[in-house]
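Full structure from sequences and hints, please.
Numbering-wise, the sequence shown is residues 1 to 573 according to my numbering.
Simulated from the structure, these hints should not be mistaken for laboratory data. Some clues are possibly wrong.
What the hints assert, rightly or not - Below are the DSBU-like pairs computed for lysine-lysine, each with C-alpha atoms no more than 30 Å apart in a straight line:
{"id": "1", "residue 1": "K330", "residue 2": "K568"}
{"id": "2", "residue 1": "K304", "residue 2": "K399"}
{"id": "3", "residue 1": "K330", "residue 2": "K496"}
{"id": "4", "residue 1": "K372", "residue 2": "K399"}
{"id": "5", "residue 1": "K568", "residue 2": "K304"}
{"id": "6", "residue 1": "K330", "residue 2": "K304"}
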Amino acid sequence: MKCLKCKLFLFISLTCILSFLPIMAQEHWLSELQQKAAEKRSSENPPLKCGLPILADAYAAEDGATISERARKLRFAKSITADVTYLSPSGHFLIRYDTTGIDAVPAYDRNGDGFPDFIDFVAEAFDRAWEVEIDSLGFRPPPDENGQPLDVYPVLCERLSSGLYGATFFDTNSDIAALTGFNYTSEISINTNFDFVEYPHISNDPILRDSAAIAVTGAHEFNHAIQLGYRIWFRDDNPNSQIADLRYLESTATYMEEVVHDEVNDYYQYLSNFYRNTQRHFGDQIILYGDVIFHIMADDFYGKTITRETWEQIVNEPSIPAMNSVFEAKGSSLNDEFQRLATWMFFSGSNAISGMFFDEAADYPNPNLIVKQPVMLEEDQSIAVHSTNLPSLSFQHIKITAASTGGVSASVTPLNNINLWFATDLFFAPPFNTNFPAGVFTPVKFASPESDIHLAIISGNWDETGNAPPIDYTASLRWTSGDSQNEVLAFPNIIKPGQEAAQITFTNLPSESVIEIFSGNGMRLASVQPESSGQIAFWNLQTDQGNPVASGVYIYRVVSNGEAQSGKIMVIR
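Structure (structure tokens):
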């Protein structure tokens with residue numbers, strides 16, 4: 001790993017906990033929370049990565065204030081009992097630990113520096129987290145009780161329950177008045193026993209196992225400590241109610257694991273659940289962690305600081321409108337990014353295309369497709385193939401096998417709340433996609449007499465709270481004349497390099513085709529060859545000499561077997 005001098009490509013069962021509560025089995029109230037967590041783990045696959053959802057439920061209960069006070073007192077009592085303190089090499093982390101008793105850290109010291117290697121791992125992991133998250137990405141350091149940046153942050157090593165990697169403790173009765181909104185100082189606990197962790201490729205080296213688990217936990221938990229210094233949004237502005245941005249807190253902390261230690265790939269274990277549930281609203285807490293890939297995608301387009309920029313905006317508004325504000329400042333929108341996410345997730349697993357979309361897409365699950373019954377389209381016939389509803393900020397992938405003597409067009413029509421309909425509808429013309437407006441039949445790529453047609457339906461509608469009523473919709477297919485199936489598709493045909501991928505994609509290409517690019521006054525600029533599949537080609541907005549083209553209108557001509565199709569593209573720089 002980057003900070004541990006080892007490289008791991010692993011599926012890891014990492015279960016870290018952002019907790020207000022120390023693990024003390026004799027406390028009846030905590031036992032009840034642990035029981036609730038166990039029930040959720042048994043009913044939701046995979047298990048919860050973090051205890052914050054359970055604890056958020058507890059704070060929303062009538063005894064939330066009592067729980068917070070008990071947690072604060074127990075944490076304070078525990079913190080002052082550790083035997084030894086150790087200042088990390090950077091000087092940013094004061095680490096407390098015991099050498100005897102139930103909380104004792106493992107005693108191995110392979111490097112012979114007089115400190116347990118376990119503590120070396122903790123110090124190095126948290127130093128690395130500070131270096132990346134604060135020094136490189138520009139996050140604020142966690143706050144002290146006066147709202148000032150902490151220079152030395154406390155970390156406590158203690159024995160936590162099996163399955164818990166770490167805990168970030170804060171007290172909802174100690175809001176920092178000097179900062180805007182609800183902000184809290186905090187302290188992180190990290191487990192001293194990782195015997196429950198299993199690594200598929202490391203079975204005989206518990207020290208390497210510890211180092212990997214500690215490294216990822218440091219990145220995740222320290223990001224939670226940072227988040228507490230921006231603003232935590234509670235429903236109804238009541239700190240003893242549910243946390244409104246819970247899913248965003250967890251997904252961005254998980255994203256930091258990937259940024260700081262991208263070799264570990266712990267998030268893989270949550271992707272299957274996320275891919276199966278794309279029809280859930282983005283704020284739905286049932287699906288945690290898997291939507292880390294949304295932030296990975298945004299990173300690819302806008303850089304790693306996009307998450308920090310959003311947290312700066314969260315000081316002013318909750319996470320969903322904050323994301324939209326940040327994307328709009330970059331010439332995009334949250335709706336546009338959900339459209340992009342639907343496309344990227346489709347090209348995962350066996351659909352992955354090397355060098356495009358997610359870098360690790362081949363290791364991701366296959367897209368979850370709603371497979372519909374095959375349909376036979378006869379002349380001038382239209383058939384409704386799918387009807388359901390979508391909540392805001394969600395989407396579905398649909399697969400229909402169609403037979404037709406002609407071409408095929410597809411349409412998606414909203415049936416209610418039409419004034420709220422901001423959905424984006426896509427059809428996938430393998431191996432890519434294009435857009436079409438709601439209620440308008442648009443030709444899709446169709447290989448006569450039978451072809452699989454893939455639709456992606458994205459419900460982007462939402463309001464300033466991040467919610468909106470669900471939209472009922474119907475997807476339909478219609479027979480069209482056979483000529484439409486041969487139409488070359490080029491998109492985007494208005495492109496703004498720097499705000500989106502700097503390339504034009506051509507699909508539905510005829511066999512043995514060549515694409516030529518001309519300036520508006522007819523000067524030939526470039527020649528583009530299709531990929532090996534012959535169905536798709538890309539133009540990188542450069543001339544054959546490698547010079548980027550300026551803003552303007554460009555003409556493309558697709559030539560195949562003596563026949564040609566032409567179209568226009570607008571470039572805006």
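Outcome of the hint check:
no. : hint        : verdict
1   : K330 / K568 : 25 Å, holds
2   : K304 / K399 : 34 Å, violated
3   : K330 / K496 : 11 Å, holds
4   : K372 / K399 : 6 Å, holds
5   : K568 / K304 : 34 Å, violated
6   : K330 / K304 : 14 Å, holds
Violated hints for the displayed structure, listed by number in ascending order: 2, 5.
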